[in-house]
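Engineer: Build out the structure end to end from the sequences listed, making use of the hints.
Below are the chains, spelled out letter by letter.
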Amino acid sequence: MDILVLVKRVPMVGGKMVLTADGQDVDTRLSGFTVSPHEECAVEEAVQVTERLGGTVTVLTLGPPEAADQLRDMLALGAHRGVLLETDGREWGPIATAAAIAAAIGELGPAAFPLILAGNEAADTGGYQVGIRLAHALGRPCVTGIKRLEVAGDLLRAWRDYGGGQEEFELALPAVVGVKEGINLPRYPSLPGRLRAKRAQIEVRKPAWQADGLRKIALRVPAGSAQRARVLGHGAGAVPELIRVLGDIGVLAPAGRAEADGTVA
Amino acid sequence: MTETPDRASAVIIGAGIVGNSLAYHLARLGWTQLVLLDSGPMPNPGGSTGHASNFIFPIEYSKMMMELTRDSTEQYKELGVFTQSGGIEVARTEARMQELRRRCTQAKSWGIPAELLTPEGVRKLVPYLDDAVILGGAYFPTVGVVDSLRAGTLMRERAQQLDALTVVAGAEVVGIDKAADGRVAGVRTSKGDIATDVVAICCGVWSPRVARMAGARIPLTPIVHQMISVGPIALFDGTEGEIGYPIVRDVDENMYERQHGGDMEVGSYAHRPIIVAPDDIPSIDEAVLSPTEMPFTSDDFDPQLERALELMPDLLGDERAGVRYAINGLISMTPDGHPVLGETPEVPGLWSVAASWIKEGPGIGRAVAEWMSGVTPEVDIHEADVSRFYSHQRTTAHVTARAREAFNKMYGIVHPSEQWQSGRPVRVSPVYQEERDLGAVFHETAGWERPMWYKHNRDLLDRYAGKLMDRGSEWESRWWSPIINAEHLAMRDRAALFDLSAFAILDITGPGALDAVQRLAVAQMQVPVGKVVYTSFLDDAGGFRADLTIMRLGPRHFRVVTGGATGMADLKWISDHLPDDACAVVTDLTSAWTTFGLWGPKAREILRHLTDDDISNAGFPFGTCREIEAEGLTVLASRISYVGELGWELYVPIEQGRRLWEALFSAGLAYGMVPAGIGVYGTTGRLEKGYRAYGADLDASYNLVEAGMARPKVKEQDFVGKAGYLRQRAAPPAAILCTLTVDDHACASGELRYMLGGEPVLSAAGEPLTDAKGRRSYVTSAGSGPSVGKHLLLAYLPPQQAIAGTPLLVEYLGEQYPVTVAVAGSTPLFDPANERIRS
Amino acid sequence: MSGPVLCLVEVDDGEIAGPSQRALAVARSLASGPARADPERADPASAGLPADGGLTAVVFATLGGPADRAAADLAGQGVTELCVVASGELTCYAPVAWARAIEQLIAARSAAAVVAAATDRGAEVLAHLGALTGLPVAANCVAATATSDQNWRLLRHRWAGSLLEDAILAAPVALLTVAADAVAADAVADDGAVPEPASASPDASGQVVAPVSGGAMIPAADMPVTTFAPALQAADLRVRATQSAGQGGGMSLATARVVVGGGRGVGGPDGFAALEELAGLLGGVVGVSRVVTSQGWRPHRQQVGQTGTKISPELYLACGISGAIQHMAGCQSAKHIVAVNTDPDAPIMSRAEYAVIGDLNEVIPALVAAIRAAGGQE
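Protein chains in written order, with my numbering: chain H, 15 to 279; chain Z, 678 to 1516; chain E, 61 to 438.
Wrong hints could be hidden among the right ones.
[What the hints assert, rightly or not] In silico contact screen, one side only, chain Z against chain H (beta carbon under 8 Å); selected entries:
hint: 1; residue: 993
hint: 2; residue: 999
hint: 3; residue: 1217
[As the list claims (entries may be wrong)] A few chain Z residues that don't get close to chain E, going by computed Cβ distances all over 12 Å:
hint: 4; residue: 938
hint: 5; residue: 958
hint: 6; residue: 983
hint: 7; residue: 984
hint: 8; residue: 1051
hint: 9; residue: 1090
hint: 10; residue: 1378
hint: 11; residue: 1443
hint: 12; residue: 1501
It should be emphasised that the hints constitute simulated quantities derived from the structure, not laboratory data. No experiment lies behind these values; they were computed from the predicted model shown. Ideal placement from N, C-alpha and C gives every residue a C-beta, glycine not left out.
Structural biologist: Shown next as structure tokens:
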């Protein structure tokens, strides 16, 4: 089966983010770039499916020319083909992104990819929409938040967490699936994989940007917490004090639990 | 959480390998109330120590670095964190094979086990290496790996057990306070302020940023070193401990491969130099991994993958092994590759202990702790002195340009005379243009452009054909020309004019000037005005600290003239030893004066064209100086010589230099005078006269007696190092600096080879020579002696061998060449009675 | 358009789900905010807040319908209409069908805006709604203000709350999701500006929806309950949850009252036994940091964080967790955080309320023993 996986280039960030002076972007002068963990898992899932069933994995991204780096990273993990929808670096909204991807798939052959995998949501925008909007554009069924996947013939079974358990979906292929981290443990790139990725040709297309009603004014960093934890003590010696605190919070005795429930409701 | 003390005897900033080691050694030397700060958590606060590959090769290009590494290795062993693995440098090219031969020769000089291996020999030790890719290797069996974080923790704990140290983690330094007199007064941190008058900056890549808080400069730059870790490697599955196979340095590719448990670490210095400004290093909160583990840029590493796969195809080519860790690790680079150690010249009490690798960390900690305690460090670290830099060398532009240039030479084949290309020219003499017009080939010292030889003298080659000792091999003729030897012969025949503008000129003046120089110099300084004294400065233990001349220009006025390379360090040494009451002051006049040297049998006749003053031998004897009128200028003339000829050093204000040069030049024409370069001044002329050079023949590990420079009497007055000097004189010397001549230059293939220095001296039976203090004999200086028709070597030999006529061997590139001791001691080989100088 | 604001409310065990409470707060502020002129608009006639049509809570009757208690709660939240969507075909969750129903409801009510929690379901349904209607969806909002007809000023999370974005939405109908773990206090400040969310202000204690203050409240008795039967096509029902299976009766990480967290400091897979034991004693579950799952020490479903589960317990006891922001993004709704860590300077220390400095492998067994001892005495 030939599978298409959608990924997005995002900066690799630490515990504290720094913005550019104009507040429009994350300062990436010294950042590395990566794809969201969900997307890395989507690629791994696709590679595993093709390892079982045969076929190829194509990774597609919409982003600046440098996003080819992320495509190569994915090629190093076992994907076979990379497609870059090249932008001028502007931020694209989900409507425009999905439209551009749908158009590209049209050109690549609408029947080419019975299964399209996306990360559940991008790390930076968390929009949760591109896969779904793409599915509508292609007239395909779609399910998101997926943490387990089975492909059998033209049928796809997918599971996601709900409440304390899981809910199951059945979709007829072709379909679009949003994948969540935890579906698998992605592999590391091997050196031969990395070399293949380096030599691979990236297919480049240049879609046109369009506005989609949501406009960023500026980003800001939430005011940090000046709070410091109150130190209850050191080592096992702190346990009596810790017990007292747990009691105050109300998580020790059953009576405390009922009380706490009352205040929540 | 540890309370931050409000007072400390010394605050050590930075808890990497250096800071921990410094804390431990200070505690060991009796310091108490020490504070060790870091902005990060223990035991890995996020500096370069935390991502180091932690392996140690004992072999180095610099003796100082070799000794620091040797001491560090001993300390790691004592801490129980050293694992010997062996290490191999492999060669892919013939040029590299030659270099490995030189490496092995150098190792022998320093008593480091080393062995050349065939490709099969390499494969026997490293079964996963494809021996078809290499021509051979140099095996260093004592290579090992260390746990530097554990070592740091142990050293910190030892200092705490001595009740000498408080460790404060998570304290960001926000300021360094100074007292009214400019000395360090305290450190302000995010966890409270600490009053102290000693601060040691052990902050690695952050050091420039911290130093700037006090108004000092530490010239280093953070630069990226890429490393990946590939695993799991099936072959390493059964390895006990961290490493079971030798570390491989693929030096031609600027890479290394080192087992780390189940993974293979591959490091590279082959990528483009990636400089990161200290201010741009992310904070701990901003960093994805740690502040010095920057995001990996795979584009930069990709070209190296193929090289690594070529060398270890099966092991690294395993599809099941993945790149589990990949970083752009930050390390420190300095303009000259050496660490930056010592009290900063700008701020008394502020010490720099920066730009150290894991392999030197503990040794540097010990040496600087000794230095801070007023004890002369066992390892001579003057080459790493923070005060060695001139102001231009401390600029960001200079530091980064040199770091860029040096980065890809990390494992390069670097010639001993290798010249920098970047950041030149900076300091030029007033006759720079004239010298260019003469075809000067410039070498750089301390930023100065100094003519090494003049291409326009090439017509001398015919004249001296047959006497030039021309060198056939490319290596030995690199950065060299037979014109040097021709200029030398022309000087000996007639006269030569030298540009010595790079001299550092330091005037000591004031009512206390005599006492001050008396205290610094070994020689008697109570001399008449107009006398020139050649003398050494010693350190407190009696080791060499400087080697220079001092002119007495007035009752309260002395002028110290020293080499450009050591000028700044000498200036600090002098300043540090002046009396506190300011009755003597030192002034750096280097940029006020230019100096020319006129030497040769015709020197007097030439100078007479410019002056009516009495410059006869009786009227202006050797060893004196005075002002003369020449060509309408007032010129300070000093009748001494480093090349063994009649003549003068001539000093004029720098803006008048060109007039003097032109007058000398036109006067000299009729006498066949030539311009001559530093090749003659620093090597051929000097070696024929057996003159010792500080840094090469003289360093803190040998003494005046051994160097043959002890004078018949010791002056009555006290001076720095006197007690040590008296002890040295009381005992018979363990070694004597001798001049050797090479008897036969032919190697096995018949080509003539010329040693360049550093080679081991062996007995006639081919055994290394070791003196009573355990020091091996090796060549400290080497060069042509055109007037004596021999290639000359200086070397310290044990007394049994230090006898003229003794036949010995010198090993060079794996072959042995016969040499003979020509002179034991400092008697010149050429003109031993010094008749020329005194004519 | 001057219709109501629709808010998709998820009901969990008869109660309004926590994330839906936050969504309601944002929806309420859109519905009941004071009308005011936009000074930047030249035409005063078109200025002013359009949303005076009340707040309609939309509940899908697929899972047994809302309990009375939820209905009462909704009235207390300022809801002016409870609209129960019910249809014979809607026997289980079907994302497109839900979206289709809301699309029809927008038309039926001339709704000004649709708000949903950014849960798996809420985000999914609104994305489908956006696709069906061609409207933009603003995700992960924490506050919203109408500035003029078809214009909204938004404050929303980026990077799972590590950053905030001020944004403007221009659309005939605003489709918003509300960050599932965000605080949405009274979203409209007096000056009409979108305020800093409470979670970002230094003295914010933590969480919870701000209570509705008197003036804006609609009495419960005024809340009509209506039903809405959407017209669905087969295609709308193509994808639906066919089966829901519990995870072996285990407690949900997302809803647990106590979460005992384990990070790199646990040291390896064997170290979690003590944490499991403690969680059992406290009636809670174990959660882990990303490094733990990527090392393969624990399954991913236990991961707390930006790409794992977002939790909102009474107590989060974080053991050997340094507190990277990606992890903290998953536990910022915890009421109390207690850290056990060897490093007094770990980032978690500025997030936790209390801390024990020490090795968790020493502290946790001692704590377990102490709790057992206390239990024995009772």
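Engineer: Indicate, hint by hint, whether the structure satisfies it.
Structural biologist: Status of the hints after comparison with the structure:
1. 993: This hint holds: residue 993(Z) lies near chain H, its Cβ roughly 5 Å from the closest one there, short of 8 Å.
2. 999: Result: holds, 3 Å to nearest chain H Cβ.
3. 1217: Nearest chain H Cβ about 46 Å off; hint violated.
4. 938: Answer for residue 938(Z): holds, closest chain E Cβ roughly 15 Å.
5. 958: holds (18 Å)
6. 983: The claim stands: residue 983(Z) keeps its Cβ more than 12 Å from every Cβ of chain E (closest is about 29 Å).
7. 984: At about 30 Å from chain E, residue 984(Z) clears the 12 Å cut-off, so the statement holds.
8. 1051: At roughly 35 Å from the nearest Cβ of chain E, residue 1051(Z) sits farther out than 12 Å, so the non-interface label holds.
9. 1090: At roughly 43 Å from the nearest Cβ of chain E, residue 1090(Z) sits farther out than 12 Å, so the non-interface label holds.
10. 1378: holds (44 Å)
11. 1443: Non-interface label stands for residue 1443(Z): nearest chain E Cβ at 57 Å, farther than 12 Å.
12. 1501: Nearest chain E Cβ is 63 Å from residue 1501(Z), so the label holds.
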